[in-house]
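If you're matching them up, the sequences are chains A and B in order.
Position 373 (the first sequence) corresponds to 375 in our numbering; numbering is contiguous.
Position 57 (the second sequence) corresponds to 59 in our numbering; numbering is contiguous.
It should be emphasised that the hints constitute simulated quantities derived from the structure, not laboratory data.
What you are looking at is a predicted structure, and each value in this text was computed from that prediction instead of being measured.
Each hint should be verified, as a subset may be incorrect.
Straight-line Cα separation of at most 27 Å, BS3-like style, residue types lysine-lysine; simulated pairs [to be verified]:
{"#": "1", "chain 1": "A", "residue 1": "K361", "chain 2": "B", "residue 2": "K164"}
{"#": "2", "chain 1": "B", "residue 1": "K384", "chain 2": "A", "residue 2": "K318"}
{"#": "3", "chain 1": "B", "residue 1": "K342", "chain 2": "B", "residue 2": "K296"}
{"#": "4", "chain 1": "A", "residue 1": "K72", "chain 2": "B", "residue 2": "K72"}
{"#": "5", "chain 1": "A", "residue 1": "K221", "chain 2": "A", "residue 2": "K240"}
{"#": "6", "chain 1": "B", "residue 1": "K389", "chain 2": "A", "residue 2": "K318"}
{"#": "7", "chain 1": "A", "residue 1": "K391", "chain 2": "B", "residue 2": "K389"}
{"#": "8", "chain 1": "B", "residue 1": "K34", "chain 2": "A", "residue 2": "K369"}
{"#": "9", "chain 1": "A", "residue 1": "K268", "chain 2": "B", "residue 2": "K369"}
{"#": "10", "chain 1": "B", "residue 1": "K240", "chain 2": "B", "residue 2": "K218"}
{"#": "11", "chain 1": "B", "residue 1": "K361", "chain 2": "A", "residue 2": "K34"}
{"#": "12", "chain 1": "A", "residue 1": "K254", "chain 2": "B", "residue 2": "K361"}
{"#": "13", "chain 1": "A", "residue 1": "K258", "chain 2": "B", "residue 2": "K385"}
{"#": "14", "chain 1": "B", "residue 1": "K318", "chain 2": "A", "residue 2": "K384"}
{"#": "15", "chain 1": "A", "residue 1": "K417", "chain 2": "A", "residue 2": "K385"}
{"#": "16", "chain 1": "B", "residue 1": "K164", "chain 2": "A", "residue 2": "K29"}
{"#": "17", "chain 1": "B", "residue 1": "K34", "chain 2": "A", "residue 2": "K34"}
{"#": "18", "chain 1": "A", "residue 1": "K318", "chain 2": "B", "residue 2": "K218"}
{"#": "19", "chain 1": "B", "residue 1": "K389", "chain 2": "A", "residue 2": "K58"}
{"#": "20", "chain 1": "B", "residue 1": "K384", "chain 2": "A", "residue 2": "K29"}
{"#": "21", "chain 1": "A", "residue 1": "K369", "chain 2": "B", "residue 2": "K58"}
{"#": "22", "chain 1": "B", "residue 1": "K345", "chain 2": "B", "residue 2": "K397"}
{"#": "23", "chain 1": "A", "residue 1": "K72", "chain 2": "B", "residue 2": "K345"}
{"#": "24", "chain 1": "A", "residue 1": "K395", "chain 2": "B", "residue 2": "K342"}
{"#": "25", "chain 1": "B", "residue 1": "K258", "chain 2": "A", "residue 2": "K155"}
Some, not all, of what chain A presents toward chain B, calculated at C-beta under 10 Å [stated by the list, open to error]:
{"#": "26", "residue": "M3"}
{"#": "27", "residue": "L42"}
{"#": "28", "residue": "F70"}
{"#": "29", "residue": "R120"}
{"#": "30", "residue": "R122"}
{"#": "31", "residue": "D134"}
{"#": "32", "residue": "G204"}
{"#": "33", "residue": "C247"}
{"#": "34", "residue": "E248"}
{"#": "35", "residue": "V250"}
{"#": "36", "residue": "S311"}
{"#": "37", "residue": "L360"}
{"#": "38", "residue": "I398"}
Glycine included, every Cβ here is placed at the ideal spot set by N, Cα and C.
There are 2 protein chains.
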Amino acid sequence: MERTEPKTLPGFMELLPGEQVLFNQMKETIQKTYEKFGFLPIDTPVIESTEVLLAKAGGETEKQLYSFTKGDSNLTLRFDLTVPLAKYVAMHSNELSFPFRRYQIGKVYRGERAQRGRYREFYQCDIDVIGDGELNIINDAEVPSIMYEIFRKLGLDDFTIKINNRKILNGLFESINAKENAIDIMRIIDKIEKIGEKNVVGELQNLQISQENIEKIVKLIQIDGTTDEKLQALENLKIENQTYCEGVTELKEVIKYIRLFNVPEKYFTVDVSIARGLDYYTGTVYETFLDEHKSVGSICSGGRYNNLSEYYIDRKLPGVGMSIGLTRLFYILNEINLIKTEKKSISEILIISMIQDLKPAIEIANKLRQEGINTEIYFDDKKIKAKFKYADKLKIPYVIVIGEDEIKTGELTLKNMETGEQKREKIEEVIGELMNNE
Amino acid sequence: MERTEPKTLPGFMELLPGEQVLFNQMKETIQKTYEKFGFLPIDTPVIESTEVLLAKAGGETEKQLYSFTKGDSNLTLRFDLTVPLAKYVAMHSNELSFPFRRYQIGKVYRGERAQRGRYREFYQCDIDVIGDGELNIINDAEVPSIMYEIFRKLGLDDFTIKINNRKILNGLFESINAKENAIDIMRIIDKIEKIGEKNVVGELQNLQISQENIEKIVKLIQIDGTTDEKLQALENLKIENQTYCEGVTELKEVIKYIRLFNVPEKYFTVDVSIARGLDYYTGTVYETFLDEHKSVGSICSGGRYNNLSEYYIDRKLPGVGMSIGLTRLFYILNEINLIKTEKKSISEILIISMIQDLKPAIEIANKLRQEGINTEIYFDDKKIKAKFKYADKLKIPYVIVIGEDEIKTGELTLKNMETGEQKREKIEEVIGELMNNE
């Protein structure tokens, strides 16, 4: 027979089962936490009409897209979950209840150059709250507090959610009549950690910005101290611009509420240099960094936008949301050995029979499964050593052995695979023990 | 602004949140049950190299495929989860532990003509057990018993898993020297319920099959009675052919073990006319029907195959598996009003504040969420009626009201939205009550 070489495309993550279990546990933690805050699931198609998907982008990101035709249709695989959300809300705006709190966890596609840790197919885990006409600023605090809870549950300790408000920089630029230069200025101040204050000043001078205004910019982005000191410093700058003042007021509100949501100071900070691109977000913006691994970039970002579905319908739908790029996060945490999860196997118990008749093994399995205990029976007629090796390789924590002796006495042999400890017990005792372990 | 009409492609299911909750609950039931039987998750890419995906099919199903090129690569969206499994096992055969019990739940793509209840993107929920060289027949009984448990948990009562063994028909055809006519004969006997025995006989005569052999065929497919009577009848036919005898022996074993797995007689039956296509399955085959809605076809099918990865590697890997087409199943059950689920909302509780300061509401929410209770706060400054309407529309079962009075007394107002019952309680009492409800 002629054979085809089995291979997976480069840039596509495909895990062995042991790692898949860890991945799925992370995914479930994210999902369950989103649900704990009352977010509703939606599940949009992977394929959309190209016209619908690019209503906003207008083709500018075309190179990265998976686009193709089928029959007369121009189709594209979704490249994020935000555009499908905008479409969904536009289509169903009369059937949804607002504020609409939705989460979506799904794969998205970008044909980027394949490189280590960059994937062409990856999971995004999004939450957004969409208001009808208006949306309370408290949402801007609840959303990052959900992310805080998720990262703590994933076992992470050294991370910081950086919070800013786009109106602060925008207001400053307005006040110094530098709105047209905004993109260039942003690009320059973004480099301050890398090139230092002096070079930033030099580059700003090249843009023909006056010395006085350069000082204002540098003063703003160099603001430091505790969160409250930063907020105070923003007010002390006395920038007389309505947008700026709105930004500071909103930022203060967000900080006030994020504290009420019990997020400890250690895990969030105000960072006025965070901008998240220039045209989409209009208020609060977030980025999240691993303190010890800043170079991997933000692991969870988002912000507030004025109008989710403006490219589809004429209805003002402001929103705020954040997104976790799970595939990349899993890759990073795996690389730096930071994945902490409760269980490493699906089965809690493997039943091994020493006798030909598998009836007793099946009956025991029925009982365990009835109690909700994940149970597997080893059916194959192999040597006992091979059977134990299987449990070992799959990291199954307990093995039950059934032999002539066990049948006679009605007691099973329960082996703890981690400690090696072995004891004889009745099935009811085994169940009680395993249930307590959960 | 120029606007694009927001629309979802025909043949792609996109649910409103209320239905999505039900869909996801079904999906979770399936996943949790697969895990209870110790199946390991895998997650293969939606996009594969066309060459890899069509290693077997050789292009014959091309019309239904979503195929396209990107750069130099010919790519295709997966059309099932079996071929990706074959690829996966071939790639990782030295790293996996056999028997390899895997489940995969994911979307697959077929560009079929869009029609009611037929989808171009749909979820398949697969389990397979893959052996290395050999695989115990008990697996052929455990797999349908898992499906039995799932359908019961989904609240279905009137369904039947039909079981057959391909060797029985194959053996009969061998014994009457009609192997070359097998496909035609199968096609004819498949129609017996529709066209009746007389017409079947007539069509078989057209194939130049002798009267004696036609009688054998008709006798076989007309076998009736209880499961045990059918098994006895299969033996009584005295067909002297090794394949036939193997088939009967295997079928008897499967029936013996499916009973040991506690599947009641009502939910399975032997049906020797079930064949499931002609070239893939080699032993046990299954189809599952809703007794009252047979016309919708099989809702869960599968079987035993000799060699999973033969198009990729030279290693004998026999397997047995079944698959639920979840998107179609959801559509059908929804149509005939058969979806029974425990909960209809994500949030268990909505907190409504009558006072401006949302601090008490947030503190209550923090406490409830700490206990794992899905909780939502209504932040917007709307009339109380609008807030209750929101809870109602989202089918949230409980509402907590916080007003001046509640702050003074330290007791909350808890309203059961279904009964309308309302009472004053301390937060600890509320928590106790909601926890007991689960």
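Results of checking the hints against the structure:
A threshold of 27 Å between alpha carbons decides the hint, and for K361/A with K164/B the separation of about 23 Å falls inside it, so the pair holds. For the proposed pair K384/B and K318/A, the alpha carbon gap of about 17 Å is at most 27 Å, so the pair holds. For the hint pairing K342/B with K296/B, the CA-to-CA distance comes to about 20 Å; that is within 27 Å, so the pair holds. With a CA separation close to 15 Å, the supplied pair K72/A and K72/B stays within the 27 Å bound.
A hinted pair counts as satisfied when its Cα atoms are at most 27 Å apart, and K221/A with K240/A qualifies at roughly 12 Å. Distance check on the hinted pair: K389/B and K318/A sit about 20 Å apart at the alpha-carbon level, within 27 Å; holds. Between K391/A and K389/B, the direct Cα distance comes to roughly 58 Å. Violation of the 27 Å bound is thereby established for this hinted pair. Using a Cα cut-off of 27 Å, the hinted pair K34/B and K369/A holds, with the two alpha carbons roughly 17 Å apart.
Restraint check for K268/A and K369/B: satisfied, since their Cα atoms lie roughly 21 Å apart, inside the 27 Å limit. The straight-line distance between the Cα atoms of K240/B and K218/B is roughly 10 Å, inside the 27 Å bound, and the hint therefore holds. This hinted pair checks out: K361/B and K34/A have alpha carbons roughly 24 Å apart, not beyond 27 Å. Proximity of K254/A to K361/B is assessed by CA-CA distance (about 15 Å); at most 27 Å being required, the pair is judged to hold.
At most 27 Å may separate the alpha-carbon atoms for a hinted pair to count; K258/A and K385/B meet this at roughly 25 Å. For the suggested pair K318/B and K384/A, the alpha carbons sit about 17 Å apart, so the restraint of at most 27 Å is met. For the suggested pair K417/A and K385/A, the alpha carbons sit about 17 Å apart, so the restraint of at most 27 Å is met. The hinted pair formed by K164/B and K29/A fails the criterion: a straight-line CA distance of about 36 Å is larger than 27 Å.
For the hint pairing K34/B with K34/A, the CA-to-CA distance comes to about 15 Å; that is within 27 Å, so the pair holds. The suggested pairing of K318/A with K218/B is violated, with an alpha-carbon distance near 73 Å, which exceeds 27 Å. The hinted pair formed by K389/B and K58/A fails the criterion: a straight-line CA distance of about 34 Å is larger than 27 Å. Distance check on the hinted pair: K384/B and K29/A sit about 35 Å apart at the alpha-carbon level, beyond 27 Å; violated.
Of the pairs offered as hints, the one joining K369/A and K58/B is violated, with about 41 Å between alpha carbons and a cut-off of 27 Å exceeded. As the CA atoms of K345/B and K397/B are separated by approximately 9 Å, the hinted pair is consistent with the 27 Å bound. In summary, the hint linking K72/A to K345/B is not supported, as the alpha carbons are separated by about 39 Å, beyond the 27 Å threshold. For the hint pairing K395/A with K342/B, the CA-to-CA distance comes to about 39 Å; that exceeds 27 Å, so the pair is violated.
Annotation: proposed proximity of K258/B to K155/A is violated, straight-line Cα distance about 46 Å (limit 27 Å). At a threshold of 10 Å, the smallest CB-CB gap from M3/A to chain B is about 7 Å, leaving the interface hint in force. Hint status for L42/A relative to chain B: holds, with the closest Cβ pair at about 4 Å, below 10 Å. At about 3 Å, the closest approach between the beta carbon of F70/A and any beta carbon in chain B falls short of 10 Å, and the interface hint on this residue holds.
Given hint, R120/A at the interface with chain B, is violated; its Cβ is 15 Å from that chain's nearest Cβ, farther than 10 Å. Interface hint status for R122/A: upheld, as the beta-carbon distance to the closest one in chain B is roughly 8 Å, under 10 Å. Taken as an interface hint, D134/A checks out: its beta carbon lies about 9 Å from the nearest beta carbon of chain B, inside 10 Å. For G204/A, the shortest C-beta to C-beta distance to chain B is roughly 40 Å, which exceeds 10 Å, and the interface hint is violated.
With a cut of 10 Å, the hint placing C247/A at the interface with chain B is violated, because the nearest CB-to-CB distance is about 22 Å. At its closest, the beta carbon of E248/A sits 18 Å from a beta carbon of chain B; the interface hint therefore is violated under the 10 Å criterion. With its C-beta approaching chain B no nearer than about 21 Å, V250/A sits outside the 10 Å limit, and its interface hint is violated. Interface hint at S311/A: satisfied, since its Cβ lies 7 Å from the closest Cβ of chain B, which is below the 10 Å cut-off.
The beta carbon of L360/A comes within 6 Å of a beta carbon in chain B, closer than 10 Å, and the hint placing it at the interface holds. Nearest Cβ of chain B to the Cβ of I398/A: about 8 Å, under the 10 Å cut. The hint holds.
Violation of the numbered hints given earlier is confined to hints 7, 16, 18, 19, 20, 21, 23, 24, 25, 29, 32, 33, 34 and 35; the remaining hints are satisfied by the structure.
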